[in-house]
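Residues per chain, in single letters:
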Amino acid sequence: MSNRPMKSRQVNVYPRFERFWHWTQMALIFFLLFTGFAIHGLHHLIPFKPAVMLHTIAALLLLTVWIFVTFWLFTTGTWRQFLPRIKGMIPVARFYAFGVFKGEEHPYHKTMWRKLNPLQAATYFAVKWFIFPAIWGSGLLYLTYNFWDGIPNSGFWITLVANLHLLAAFAILSFVIVHVYLLTIGDGFRKHVQPMVTGFDDVALTPEQEAYLEQNEPWRLKG
Amino acid sequence: MLSRMRLAVAILGLGLAAATPTFAETVQTGAVPPPPAPASVAKASVANTSTADHSKFEILQKAFASGPEVTAACLTCHTEADDEIMHSIHFQWSYESQSGQTLGKRNVINSFCGSVSSNEPRCTSCHAGYGWDDMAEAPPAQETAADCLACHDRTGQYTKTATGAGHPPLAPVKPGTLTITGAAAWPVDLAKAAQSVGMPGRDNCGNCHFYGGGGDNVKHGDLSSALYEPPLEVDVHMSPDGENMTCSTCHVEEQHQWAGSRYDVIAADHPDIAPGGPRETASCESCHSETPHEALSLDGMKLNDHTDVLACQTCHIPEFARGGAPTKTLWDWSTAGRLDETGKPIVESDWISPTTGEHFHTYMSKKGDFDWGEDVVPYYAWFDGHVEYTLPGQTLDPDQVVEINRITGDAEDGVSRIWPFKRMAGRQPFDSGNNTLVATHIWGPTTDTAFWTNFDWAKSVEAGMAAMGADYSGEYGFIDTQMYWPITHMVAPAEDAVRCAACHAQEGRLVGLAGIYMPGSNPNSIVGILGVLMVLATFLGVLGHGLLRLVSRKKGGSHE
Chain A
1 MSNRPMKSRQ
11 VNVYPRFERF
21 WHWTQMALIF
31 FLLFTGFAIH
41 GLHHLIPFKP
51 AVMLHTIAAL
61 LLLTVWIFVT
71 FWLFTTGTWR
81 QFLPRIKGMI
91 PVARFYAFGV
101 FKGEEHPYHK
111 TMWRKLNPLQ
121 AATYFAVKWF
131 IFPAIWGSGL
141 LYLTYNFWDG
151 IPNSGFWITL
161 VANLHLLAAF
171 AILSFVIVHV
181 YLLTIGDGFR
191 KHVQPMVTGF
201 DDVALTPEQE
211 AYLEQNEPWR
221 LKG
Chain B
224 MLSRMRLAVA
234 ILGLGLAAAT
244 PTFAETVQTG
254 AVPPPPAPAS
264 VAKASVANTS
274 TADHSKFEIL
284 QKAFASGPEV
294 TAACLTCHTE
304 ADDEIMHSIH
314 FQWSYESQSG
324 QTLGKRNVIN
334 SFCGSVSSNE
344 PRCTSCHAGY
354 GWDDMAEAPP
364 AQETAADCLA
374 CHDRTGQYTK
384 TATGAGHPPL
394 APVKPGTLTI
404 TGAAAWPVDL
414 AKAAQSVGMP
424 GRDNCGNCHF
434 YGGGGDNVKH
444 GDLSSALYEP
454 PLEVDVHMSP
464 DGENMTCSTC
474 HVEEQHQWAG
484 SRYDVIAADH
494 PDIAPGGPRE
504 TASCESCHSE
514 TPHEALSLDG
524 MKLNDHTDVL
534 ACQTCHIPEF
544 ARGGAPTKTL
554 WDWSTAGRLD
564 ETGKPIVESD
574 WISPTTGEHF
584 HTYMSKKGDF
594 DWGEDVVPYY
604 AWFDGHVEYT
614 LPGQTLDPDQ
624 VVEINRITGD
634 AEDGVSRIWP
644 FKRMAGRQPF
654 DSGNNTLVAT
664 HIWGPTTDTA
674 FWTNFDWAKS
684 VEAGMAAMGA
694 DYSGEYGFID
704 TQMYWPITHM
714 VAPAEDAVRC
724 AACHAQEGRL
734 VGLAGIYMPG
744 SNPNSIVGIL
754 GVLMVLATFL
764 GVLGHGLLRL
774 VSRKKGGSHE
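Chains as they are written, first to last, in the numbering used here: chain A, 1 to 223; chain B, 224 to 783.
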């Protein structure tokens, strides 16, 4: 970005597909957690067999969504949003650790190509590169056990795969808890959820960006 | 056939067998009933594929005076049949197992009736031959000693007397004579039986195999009179309402040698089941393949995942001793011999069948204490198919429960699967000097050493050991034993298979079996606890953060 004065505008930064992706993923992850923990025996709100069937179907659905999302992320260049950056991370971390209790303002301001604050981007990076691959890899191996049960010590490997899957699931639940909690900080829960519903969020625009949008994509600007 | 089954059950329930010199749990009523109605239904269970009508053979159209006479007539055409049957386990009662042991009824001691030695004419009543009355000798060698009718009679009225070393009851039948199924004996019409011959029906095999251990379903647990005409829910293959299969549909035969053995089990079969291919094993897979569940459904794929670890029987025989015939689950010989104040043998029948309401013996002076079970959930264990017996003469550990037969196998050997078993609990005499199992002389109305004649264990054990030619220290005691019976019959319809959650639960059916990862069985595993702690820590962290924000009484910062 530059040193030129930036102006905060309501911009459509979450296109319809991204919102669809987010909420479908949210619903499926909750469903997967619910059925998965039933399979693990943590609760008995749903019997074992339907839990297995529904867990598998939901996983395949989410996998399908993901195939589309991956395609979308790379064709639109949105994948860059998720690149982690060290710059600005410390102020954000300091804010959550101290500033938030003193009523300080959030140090990060969204821009067109950085919708996520540095800490958020780093978290999503970890989730996308470690936890999701762990859950998908172990889940697919778990699901396709039939095809590799002939390998030596398959009983040991399936135990490893299953436990990795389980651990990743607990990590995802932990992520969800923090994710939802952080929505309550700052402008409050409603204000934070709204952009993912309407698509519009307050974004700092450079004069050029604003001019470009007004000229070419006026429907992305509000007010 | 059904009426015959009821008769057997009804007789079983009378429970007055104290004075009857037989292992059967039955009593004779004195009057000889007419032969049971022809087994028309059972007959229909065998497809008639023969091009010969045996009733048209002149050689069979005569009055036969004995079983061997009938065999002689059979052999005029079936010239090699005697040789074949005489080399089979049905005739030899001896079997060289893959474990290198010589097994078979002639050699083993079990936890039911003990040993054949010294009890021959009673035990050999179910021999597939005539006249074997001394275990110390090989079975009779003359060609007419083979019993063709036991397996091939299709009238349903051929039978053998309970104590006749394999011979049928013939007119005039001595009052009080019983058949091998415990029914009051009737005179067998040998000519009628000879003219009826065909391939064996369920009744032919069942008349012996359903009554092992001295009564209906006593021994196996999955072989009972319920299988003569089983309802669909008792046996989906053998039911006339289902496939109406006979025993030999699965136990395929070649030259009177049958596939399938309790001594050498194929724990995991990998058959080539190309259409039209031969089937040589009595395994489920030989028809159903190793991936029998619908491959294109999620459900089926998941179930096919299990077949490398679970025997088909483990899920598809949810309980054994189904269909109304209970099985003996405990036999304690050590209490036998207690007499009432007048010196008469005691019979108590305090076990009541939950399905039929019939009473079953819980104590008999002749046999000791019993327990029974119906619709029994099996005992499960890894099984590689090998069975090793504690044979006569083998030293045992008197401080341990003796395993009459040991089953081996584990998760890692590549051949084992988890199998269902009936685990029989026993307490039986042993040589406390030499620490070996003993043969016991139980039956012998004309001897004064038989236990049932004078209730004297010392004499009984000594006579049994002498008959077997075994070394005996002269001291006996009683020892707890266990015996394993693989469960493989009474396959239920698919919808009655064991539910997933029966095992995938804490304290599920397979609890304690090593080497398998079973989701749902251990929510409190290390990783499970770690995960819960991680989530809890996250939750507490977030809660603490939120509380601090509240305490600091300032709304958090803003993006504005």
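Please note: incorrect hints may appear among the correct ones.
[As the list claims (entries may be wrong)] In silico EDC-like links for lysine to aspartate or glutamate, alpha-carbon gap of 16 Å or less:
#1 K7/A to E214/A
#2 K222/A to D149/A
#3 K191/A to E208/A
#4 K49/A to D719/B
#5 K191/A to E210/A
#6 K525/B to D149/A
#7 K49/A to D528/B
#8 K49/A to E698/B
#9 K7/A to D149/A
#10 K285/B to E303/B
#11 K567/B to D679/B
#12 K328/B to D357/B
#13 K49/A to D522/B
#14 K682/B to D703/B
No wet-lab data here; the hints were simulated from the structure.
Now for the hints, and whether the structure bears them out:
1. K7/A to E214/A: holds (13 Å)
2. K222/A to D149/A: It is violated: about 57 Å lies between the C-alpha atoms, which goes past 16 Å.
3. K191/A to E208/A: violated (27 Å)
4. K49/A to D719/B: Satisfied, since the Cα-Cα distance of roughly 15 Å is no more than 16 Å.
5. K191/A to E210/A: violated (23 Å)
6. K525/B to D149/A: holds (13 Å)
7. K49/A to D528/B: holds (14 Å)
8. K49/A to E698/B: violated (57 Å)
9. K7/A to D149/A: violated (60 Å)
10. K285/B to E303/B: This hinted pair is violated, its Cα atoms lying about 23 Å apart.
11. K567/B to D679/B: holds (14 Å)
12. K328/B to D357/B: It holds: about 13 Å lies between the C-alpha atoms, which stays within 16 Å.
13. K49/A to D522/B: holds (9 Å)
14. K682/B to D703/B: violated (21 Å)
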